[in-house]
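*Asks:* These are the residues of each chain, in order.
There are 2 protein chains.
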Amino acid sequence: MNNNGADSAKTDITEQLQAYRGEIDALDAQLVELLAARKKVTSAIGQVKRAHSMPIYVPEREAELIAKRRSQAEAAGVSGDLVEDVLRRMMRDSYYSQHANYAKVDASINNIVVIGGGGALGKVLVGLFQSSTYQVSVIEKEDWPNRKALLKDADAVIVAVPINQTTQIISELPPLPEHCVLADVTSVKLAPLDVMLKVHKGPVVGLHPMFGPDAPGMIKQVVVVCDGRRSDDYQWLIQQMLVWGAQIHQTLASTHDEAMAFIQVMRHFSTFVYGQHLQQENPNLSELIAFSSPIYRLELAMVGRLFAQAPTLYADIIFNNVDNIALLKRFHQRFGEAIEILESGDKASFIERFTEVENWFGDYAKQCLRDSKQMLLKADDGQLLRKAP
Amino acid sequence: MNNNGADSAKTDITEQLQAYRGEIDALDAQLVELLAARKKVTSAIGQVKRAHSMPIYVPEREAELIAKRRSQAEAAGVSGDLVEDVLRRMMRDSYYSQHANYAKVDASINNIVVIGGGGALGKVLVGLFQSSTYQVSVIEKEDWPNRKALLKDADAVIVAVPINQTTQIISELPPLPEHCVLADVTSVKLAPLDVMLKVHKGPVVGLHPMFGPDAPGMIKQVVVVCDGRRSDDYQWLIQQMLVWGAQIHQTLASTHDEAMAFIQVMRHFSTFVYGQHLQQENPNLSELIAFSSPIYRLELAMVGRLFAQAPTLYADIIFNNVDNIALLKRFHQRFGEAIEILESGDKASFIERFTEVENWFGDYAKQCLRDSKQMLLKADDGQLLRKAP
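These protein sequence lines map, in sequence, to chains A and B.
In terms of my numbering, the first sequence opens at residue 0 and continues consecutively.
In terms of my numbering, the second sequence opens at residue 0 and continues consecutively.
So that you can see chain A by itself, here it is in the shape it has in the complex (with noise of 0.2 Å):
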């Protein structure tokens, strides 16, 4: 083949690729025009379910539409993986998109005061009311000294202030009416709710979000219930949260305390440490971030993101409860006796206790295995830590 033949046959795959592009280019337009109209659909039914109290997300809606699209794409040769991926992504989007058309649950509730309704998780919650078409007011610090004029009306007291302010403020509640609800949302259950109890003779429930304020509101977010008092009387706070979206969990206060000593004080203080960490090890960073797997992408970020945080709010949540001090000193002494299996080149030794953990984890280790291994693909497609800061 000559050169006048190779550049024409260049400009033919050129021209072929150009082609298929346009093809590509078309069909993707059709997709946004799709988004389009479905956004249009599901706004029309976020104002049915507004005007009749019904709840946004209806888990078994969403598991029946994907199965029919799932072996609708199988029976296309389409991943129904992809399918399922896509649909959940849309319906997130479709979610958040009714988000000012929530239902209101009761008629008859129209007072809500947020005490620290202009903290991160205070903001969600007033946001949330209103959209439901509460009337709500929120009581900061300059406001506390007028509180019994502003809280002789309330039907629901959401107290939301930082947790090591949560009990004081309980205890200086004045008389609420009889029917109120009282409720706290801070991240311990026990001390809160005793104080509750104490000050207050109407409904009392203890509520703590599992979601800071990255999430976008309630849809599939936990909250944890622990009951205080006249359960019957609060079901109306109960059913709204649902309708917002929530998977209410309820349990005891003792329980949820012990689970918080894992779930947030001792991860937020190993990651304080590791950035501690690796602060002093001063490793390049761009560097590392050049060289890592999207395993440890995933950790740095998860790492990172705590320190662009309040470091009052980490604080407060790691020095509340002196009892998790125990907890850490036992992960330290773990960590230490690691290093010496380490050192002493023990590997069998290591073998045979990570196969012990293996057993503790059970199913769930593979469960684990199987959903981080979806994350870390989607890591790569949103680029995690890829693009420089």
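I should point out that these hints are in silico values taken from the structure, not numbers from a laboratory.
Accuracy of the hints is not assured; some may be wrong.
For chains that are exact copies, the list does not tell them apart, and a pair is met inside one copy or across any two.
[Stated by the list, open to error] With a straight-line Cα cutoff of 25 Å, these simulated PhoX-like cross-link-like pairs (lysine-lysine) come out: (1) Lys386 with Lys372; (2) Lys197 with Lys147; (3) Lys386 with Lys67; (4) Lys197 with Lys151.
Following the hints, position chain B against chain A.
*Replies:* Chain B only, in chain A's frame:
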């Protein structure tokens, strides 16, 4: 309104919702058809690219494609992030459906020998070379006595045996053809490179593919490249990995090994200790998961996944380099010091140290927060650890 009226109103709503759901189903069915049509076009593109040795993953084309659809979406009132996420997910699928169609970059290269080609990473490499129509032979333990005959016509020898056998295997290599490329894919680079340079006079390169067997190939994955000798003569291998979609990160073996102390040893070791800690504290795992925030479920998944894998693999990585023990000991000491701060109740000192780490992370902290937020939303989309195992 009498009861009949209420009943018929309810029927109306049910019918109305039913109609809307029908519209959603019709749109979702169109979506699946669209994905099937798109797959046909991307397969055709894959064939053209293979025939002409062109890379499948072209970052610029990807960026341009996404930018176009984002602006179309925003003009149509659809979230740009939604469209980008959906497109990236679709592209992942199309990259991998083209997997069987990789081009071969150099027609003069034929015989590839993968020593340890039956292992997890070995299999991935064998599959990739085969998909690019190389002649691939695998040498396993039982073939080792015949290595001289098996290696005499090799154009490239890739050592993919477990880390603790790597230098031994390399030192036992017979003389290779002078043009043959000798490479290893172990997770340390200094020692293997050293031995490779000793046993072979031709082109030598140390590689570290930064991904586990989770990754269904090399697309978008980092491969660390440490030069040994005669880089011009192994460029075809680098080019080949680029065709497979790799992101090449060239560096010194010493820099690589230092980074791996963090990325692999530190990470795997502390995950191991955390798993042990959980096992010994013995909380109710399903209760813990039921309680968990998305961020804790993600952490738990990352811990649990370790214990669904082979203990020897991690033992080898962790025990391989005694230099890393000092790094682990410093972490252990910092953990102890942080507990002391906690015990003394010195919140101010905690906050001060927190701020130091925040400053060390600099702009990366915000990037971590932003990127991890997307990951946590995806964790919820994907029901991470939400289904029973």
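*Asks:* For every hint, state whether the structure bears it out.
*Replies:* Going through the hints against the structure:
| no. | hint | result |
| --- | --- | --- |
| 1 | Lys386 with Lys372 | both (22 Å within a copy, 15 Å between copies) |
| 2 | Lys197 with Lys147 | within (17 Å within a copy, 84 Å between copies) |
| 3 | Lys386 with Lys67 | between (37 Å within a copy, 19 Å between copies) |
| 4 | Lys197 with Lys151 | within (18 Å within a copy, 86 Å between copies) |
The structure shown violates none of the earlier numbered hints.
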